[in-house]
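Residue numbers (this note's numbering), protein chains in the order written: chain A, 1 to 550; chain B, 1 to 313.
Bear in mind the hints are in silico, worked out from the structure with no lab data behind them.
Every residue gets a Cβ at the ideal spot worked out from N, C-alpha and C, and that includes glycine.
Be a bit skeptical, because a hint or two may be false.
Which stretches of chain B does chain A cover? Using the computed rule of at least three CB atoms under 8 Å from a CB of chain A, they are [what the hints assert, rightly or not]:
id : segment
1  : 65 to 79
2  : 165 to 177
3  : 294 to 304
Residues of chain B placed beyond 12 Å of chain A at every Cβ, according to the derived structure [unchecked claim]:
id : residue
4  : 52
5  : 138
6  : 271
DSSO-like cross-link-like pairs, simulated, lysine-lysine; straight-line CA separation at most 30 Å [claimed, not checked]:
id : chain 1 : residue 1 : chain 2 : residue 2
7  : B       : 59        : A       : 19
8  : A       : 19        : B       : 94
9  : B       : 92        : A       : 442
10 : A       : 19        : B       : 211
11 : A       : 442       : B       : 111
12 : A       : 442       : B       : 133
13 : A       : 19        : B       : 132
14 : B       : 139       : A       : 19
15 : B       : 139       : A       : 442
Chain by chain, the residues run as shown.
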Amino acid sequence: MNNSLHIAGREYAENARTKGFWVNLLMFPVILFLSIKVPQILEEKAKPARHFVMVDQTGQFDVVVDRALERHYQMAVMKKLLEYQKKYAKPGLNDQGPDQAELLEKMPAQNMGINPSDPASGMLEMLAEQNPELLDTLAQPGGLDMFINMLASTLVEDPPMFEAPRQMLIRDEIPAGALDGIDVEHADPKEIVRALKPYLLDEKPLADTDEPLFALVIIPQGAENQIKGPGRLPKNPLECADEGVQFWSTNLTDTDLSRLVENAINKEVQRREYVRHHLDPDEIEKVQRTTMQFASFDPKKAEGEEIVSMADTIRKWAPIGFVYLLWVAIFTVVNMLLNNTVEEKSNRIIEVLLSSATPWEIMCGKLIGIAGVGLTMMVGWILSLLAVLKFMAGPEVEWAGTLFDVIQSSGLLPLFALYFLFGYLTYAGLFLAIGSLCNTVKEAQNFMGTATVILMVPLFTMVFIAQDPHGSLATFLTWVPLYTPFVMMNRAAADPPMFDLIGTGILMVLTSILMLWLSSRIFRLGVLRTGQPPKFLELVRSITTSFKEQ
Amino acid sequence: MISAADYAVELHGISKRYGDFTAVKALDLAVPKGSIYGFLGPNGAGKTTTIRMILDIVKPTSGSLTVLGAPSAMDVRERIGYLPEEKGLYKKMKAWAVIAYFARLKGVDAKTAKSTARELLERYGLSDFADKKVETLSKGMGQKVQVLASIAHKPEFVILDEPFSGLDPSNQQVMEDVIQDLNRTGTTIVFSTHVMSHAERICDRILLIAKAEKIFDGTIDQAKALIPKVVQVSGINDAAQLAAIPGVKSISAEGGMPGSFSVQMAEHADPQQLLRDCFQHGIELTSFQYHEPNLHDVFLHLVGDDAKVASFR
Ligand SMILES: Nc1ncnc2c1ncn2[C@@H]1O[C@H](COP(=O)(O)OP(=O)(O)OP(=O)(O)O)[C@@H](O)[C@H]1O
Ligand SMILES: [Mg+2]
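From just these sequences and the hints, can you work out the full model?
Put into structure tokens, the structure is as follows:
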């Protein structure tokens, strides 16, 4: 046993000292940090404002678009104001309220509308939708100051000045002289497009900004009649696509503006329909804001807490991350195991080892040492994950805090540790056996090539399993021993049936014992062998004979 | 009366078969404690296989053995040191750390292991390389480090499989010194080699195997006695008179020169006595040359033809 520990110590020291190990360890938090921070910075600083021009030949819609733009900006101000308030709130003030985790546990998950990764803006949208008055106040002259004054008492002494966000969507005047000689009101839209195309293609600059013209919106004559609806399909919609609103832009990926314009116009169209039917649009709008309380419940949860909460939604998806981590961690370390074994074999160090320790001791030593490396890596990852989330969890990245709380409170971590252990033992057994049969790293890699395809399955299926954790795919893969740890991790948040939990527990214990037993046989035979790896049949025969020998 | 306790290793009819091929056939051997034992034999003779069986790295197909009184070397592994035939070390480890590591595997505590490692490196001229990684050492230096690693735990029985291969002449000398230093402190040493001069200089006893079978086992002198002593004489007028001298087995004319003969002596005859007898019988000699046969001659005499066959098996 002592020898196993020495061997383990050496394996650990050797692998923990490699560059690869540290790169692996540090890459994760760095990538995580960047993947949160970079989009945030891009959004805040680098994303250019979108300038567009609009030609409304009907003269009926530019007002509504303007109003929607205004709304859009006020929402941004409101969001930033909330972040500002949270960031500089008096210490202790926020703690009195229910904390984030608790709040999330209580807040019903929405079927739609709220993006679990960004609940804050989702909530804000709901808020704005239901209380447009709030945004109107903000828009009035001095409205912003009023809000800031209102907040002042809840903030720390002398907070930095509130900086209003940049305006991201800007409607410009038509560039001077661009449409000279064209009767804008009656001209063929094609003519207008032709005249403005150089601006869209960034061949001609706009007057008061370096930004190119992002988009051109044309509402042609008679567009107000191109209305689709139940029982109203006047013409073949494919043929007259250009008779409705035209949105011209070289950038088709950023849909913020096109969505805004489309929604604003459609809303106005709907308002008119109400009027046509002698209905009061204001009343309708009030009615539309009326909803019945709706929440999902999960009969498996404790009584009184059955409500399916936001936290549950996050918890449902969090395992995917864990499955991925599990996979990467297991295969990183068992690869180390493989390489070390092959190295010892090709150097014939194994012979000295064998004269100093039994094959069983050598195997245990390697397993323990590499497990230590794996654990160090995992602990490093998880601590840095939590640290990064905690550090990032400001009002700007609300979901980070949410995820942090959920991970802490969900009980996924102990399961993760458990599945890592069994997954590791199973695959370590497999790779040790492979390693002991190969003479060179190259040979081992040939073996690995085939193995990798099989090993990729948990990665391919992890999203499907998260979506349907009790489906037939999930249930089937659960009982395939090589995949059990991954699939069970995948299903962990969905409260898998007791039978599966305990059954797979037993299965995993048996699998890892069987794997280790088999590989200790193969290891013993394999390590001293030179030449071609044995054929499968030969292998089976030698295992059975070695079994008889003992 | 020699009791079992006086032997470091005893092999009783040990055999190893790989499929249909016999690598070692019914080998009996007893290595006395405190001796230096050389395993000699052509390539593929079964030396390494025998050594691996002694160490319980491969299991004998039949036969039994004791090592330091135990039925398996595993039971007494802390008292054994081993240098395998194919040398190799962890490339990324420092020289002293490798030595200390293998010592620790043999039950030496951390502190002693470390100090012994440095001491050994110093003693055998490697102190400059103590803190270098193994991958930066030359092959020979690496091999020296490995030898030191196999003896750092002060074993009472050391097995070295071809310790001299790959070493330059001065390091071969160092290797001989290492072996003799160890032997002086009472360590039993078994080593295999193809270089007869080493064996002849330092071995108390040798085992000669060829084609899996023992050909000879005994002291160097016994080995030398196996081949007839040959004396070259010249200036002889009467060959019959020479042949009549007791102790002369046969004579043959030495190529070309008239009056020159090779004299094959009887098994225990003394060449000095032949010289005296010639003098007494009034046989006049112009030259008398006697070369003590060396181990090299013995080797070629015993396995010369076999060796060629074996190496092209
Ligand atoms: N694992 C094995 N499988 C099959 N045959 C083997 C195995 N190991 C050794 N042999 C055979 O056993 C015979 C003896 O090998 P061994 O290595 O003991 O020779 P040796 O005396 O050490 O030779 P050398 O002087 O070349 O090192 C050889 O013919 C070899 O081919
Ligand atoms: Mg050999």
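Query - Violated constraints from the hint list, given by number and in increasing order - result: 2, 3, 4, 7, 10 and 11
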